[in-house]
Amino acid sequence: MGMTLSATNFLFQLVVRISESLHNASSILVNTVEELELEAIAALRAHTPIYPVGPLLLLPGQASRLPINYWPEDDQCLPWLDAQAPRTVLFVSFGSVASVSLSQFQDLALGLEASGQPFLWVVRPDSINAPLQEALPDGFLDRTKNKGLIISWGPQLLILSHPSIGGFMTHGGWNSLTENIATGSVPMICWPHVAEQRVNRFLVTSVWKIGLRLHHNEDGSVSKGEIARAVRELFNGQQSTDLRNKSEEVSDIAKKAIAEGGSSHTNFEKLCNLLCA
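Take the sequence shown: its letters are residues 151 to 427, numbered as in this note's numbering.
Derived from the structure by calculation, the hints contain no laboratory data.
Glycine included, each C-beta is placed from N, C-alpha and C at the ideal position.
Hints may contain errors.
[Stated by the list, open to error] In silico SDA-like links for lysine to any residue, alpha-carbon gap of 20 Å or less:
no., residue 1, residue 2
1, Lys406, Ser311
2, Lys297, Ala235
3, Lys295, Trp271
[Unchecked claim] For each label pair, taking beta carbons as the anchor points, the in silico distance ranges come out as:
no., residue 1, residue 2, range
4, Asp402, Ala233, 42 to 48 Å
5, Leu207, Ser176, 23 to 29 Å
6, Leu425, His366, 43 to 49 Å
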């Protein structure tokens with residue numbers, strides 16, 4: 151999975167416009183936690199006042215009121231999650247933009263099946279160039295009907311905070327990372343797609359140490375065997391306990407930051423006082 155952005159791509163142009171506008175800003179709010187990005191925050195503060203105030207989250211149901219083309223949330227997955235054992239389900243979601251080739255989509259399906267781990271998989275209607283039933287490997291739904299559930303879009307905050315969720319396979323978008331950290335944090339498998347997601351993967355796997363990388367083939371694809379290996383390692387491998395413990399530590403840092411007296415809470419108060427002066 152991956153995408154090279156041309157200079158005419160709307161995401162590329164958006165990032166350029168935002169970057170250019172930062173030079174004119176007197177202060178910048180950042181949706182992050184100061185304790186989790188100390189070096190980056192310090193570097194930015196050398197040039198402009200920075201106010202880390204994250205993690206900022208949408209409450210469940212608010213996304214439907216935003217002027218963006220999200221899909222209706224399927225909350226029927228929640229009763230299915232209720233029936234699963236604690237910390238056993240892998241949540242698979244690649245955000246609102248990422249798409250994959252048909253062959254990669256099928257290898258992902260076969261890798262999830264081969265892992266033996268229960269999964270909740272978000273497959274957006276526009277993420278594959280074929281109807282879902284035709285895109286999936288033959289017999290996949292029958293073979294995994296007692297292990298997995300596929301939905302087109304879901305209430306991510308409620309899913310990530312559900313006690314049955316034990317891992318998160320993600321594109322590594324910043325919103326998804328902060329939502330996971332803020333709701334309790336489960337270990338992640340990062341599969342970056344575009345923009346800053348490779349940098350985010352570095353934070354997750356090498357700095358915070360709360361997730362795993364996938365090994366890519368020379369053509370950029372990921373094999374079904376590698377997918378199955380990573381899922382097994384996340385839940386039952388030698389690193390699984392350390393990943394869970396570190397995830398809980400990072401989540402505690404984020405929760406303390408937004409509590410009264412925490413860094414994000416204090417930064418927001420400082421900004422409000424500045425604006426009201």
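For each hint, the structure was consulted:
1. Lys406 / Ser311: 17 Å, holds
2. Lys297 / Ala235: 12 Å, holds
3. Lys295 / Trp271: 12 Å, holds
4. Asp402 / Ala233: 42 to 48 Å: With a Cβ separation near 29 Å, aspartate 402 and alanine 233 fall outside 42 to 48 Å, so the hint is violated.
5. Leu207 / Ser176: 23 to 29 Å: The hint (23 to 29 Å, Cβ to Cβ) holds, given that leucine 207 and serine 176 are roughly 26 Å apart.
6. Leu425 / His366: 43 to 49 Å: 46 Å, holds
Hint 4 from the list above is the single one not met by this structure.
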